[in-house]
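Just so you know, the sequences run in chain order Z and W. Under this note's numbering, the residues of the first sequence are numbered 260 to 374, in order. Under this note's numbering, the residues of the second sequence are numbered 1041 to 1152, in order.
The reader is advised that the hints may include incorrect statements.
[To be verified] No more than 25 Å apart at the CA atoms, straight line, and that leaves these computed lysine-lysine pairs for BS3-like: (1) 313/Z with 327/Z; (2) 330/Z with 1081/W; (3) 1080/W with 366/Z; (4) 330/Z with 315/Z; (5) 1092/W with 1062/W; (6) 330/Z with 366/Z; (7) 1081/W with 366/Z; (8) 1092/W with 1058/W; (9) 1080/W with 264/Z; (10) 1080/W with 330/Z; (11) 315/Z with 366/Z; (12) 315/Z with 264/Z; (13) 264/Z with 1081/W; (14) 264/Z with 327/Z; (15) 1062/W with 1081/W; (16) 330/Z with 264/Z; (17) 366/Z with 327/Z; (18) 313/Z with 264/Z.
None of these hints come from the bench; they were simulated from the model.
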Amino acid sequence: DQQVKQNSPSLSVQEGRISILNCDYTNSMFDYFLWYKKYPAEGPTFLISISSIKDKNEDGRFTVFLNKSAKHLSLHIVPSQPGDSAVYFCAASAGTGGGADGLTFGKGTHLIIQP
Amino acid sequence: ETGVTQTPRHLVMGMTNKKSLKCEQHLGHNAMYWYKQSAKKPLELMFVYNFKEQTENNSVPSRFSPECPNSSHLFLHLHTLQPEDSALYLCASSQEGFYGYTFGSGTRLTVV
């Protein structure tokens, strides 16, 4: 049973507009959430994260929102740029403060930015 | 060289072969991981090593055997694999207390 779900396999957005990628989780023990970005033939790269004690974290064009009651998080990219075209993975951890617990990943959403 | 390096990038092996995947990190991290990415499936955690000690084996078949001789190197020994084991195998590392894993580029494994 998937504990981290990304229900949209792909998303197409026009350049300059906002991209919103969604992620749902089922494990109430998850307390840390991350987004990774993956280009073809490369490993995933860390993008942004959020702790369960927050409901928003912002880094430049990227903002992650967390709704704990709904067990839902989203990644907003604004404005979207052609270089943002990639697969985005949502990940979660039920760790106790350290990172060496292993992350649970979603299947990923392929974001395509149209010129 | 910096980051996480995985070799080989591509591997084709028969079901009776024995091969090894190698991962090396020069980031000073103390935790290393093996993940498997199959088509249309999430990244699946296979093994976790923390300070060279295996702390998690996520119900992985014994035909996959990890080895972590030191905190910079991680191996995945493969033997008598099945065609369904064909996947992208990703290595990652992290520093205790920080969740931002650094991934390697992966080894694309095909079992024939």
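Evaluated hints:
Proposed proximity of residue 313/Z and residue 327/Z is supported: the alpha carbons are some 9 Å apart, at most 25 Å. A distance of roughly 21 Å separates the Cα atoms of residue 330/Z and residue 1081/W; the hinted pair therefore holds under the 25 Å criterion. A threshold of 25 Å between alpha carbons decides the hint, and for residue 1080/W with residue 366/Z the separation of about 7 Å falls inside it, so the pair holds. Only pairs whose Cα atoms come within 25 Å are accepted, and residue 330/Z paired with residue 315/Z is accepted, the gap being roughly 14 Å.
Proposed proximity of residue 1092/W and residue 1062/W is supported: the alpha carbons are some 15 Å apart, at most 25 Å. For the proposed pair residue 330/Z and residue 366/Z, the alpha carbon gap of about 17 Å is at most 25 Å, so the pair holds. For a cut-off of 25 Å, the pair hint linking residue 1081/W to residue 366/Z stands: about 5 Å separates their Cα positions. Restraint check for residue 1092/W and residue 1058/W: the C-alpha separation of about 23 Å stays at or below 25 Å, so the hint holds.
Taken as a hint, the residue 1080/W and residue 264/Z pair is honoured in the structure, with Cα atoms around 12 Å apart against an allowance of 25 Å. Restraint check for residue 1080/W and residue 330/Z: the C-alpha separation of about 23 Å stays at or below 25 Å, so the hint holds. For the suggested pair residue 315/Z and residue 366/Z, the alpha carbons sit about 23 Å apart, so the restraint of at most 25 Å is met. With a C-alpha separation of about 20 Å, the suggested pairing of residue 315/Z with residue 264/Z holds against the 25 Å cut-off.
Taking the CA atoms of residue 264/Z and residue 1081/W, the gap is about 11 Å. The hint holds against a cut of 25 Å. Restraint check: the Cα-Cα separation between residue 264/Z and residue 327/Z comes to about 15 Å, which is no more than 25 Å; the hinted pair holds. Taking the CA atoms of residue 1062/W and residue 1081/W, the gap is about 23 Å. The hint holds against a cut of 25 Å. In summary, the hint linking residue 330/Z to residue 264/Z is supported, as the alpha carbons are separated by about 11 Å, within the 25 Å threshold.
Restraint check: the Cα-Cα separation between residue 366/Z and residue 327/Z comes to about 21 Å, which is no more than 25 Å; the hinted pair holds. A C-alpha spacing of about 21 Å is found between residue 313/Z and residue 264/Z, which places the hinted pair at or below 25 Å, so the restraint holds.
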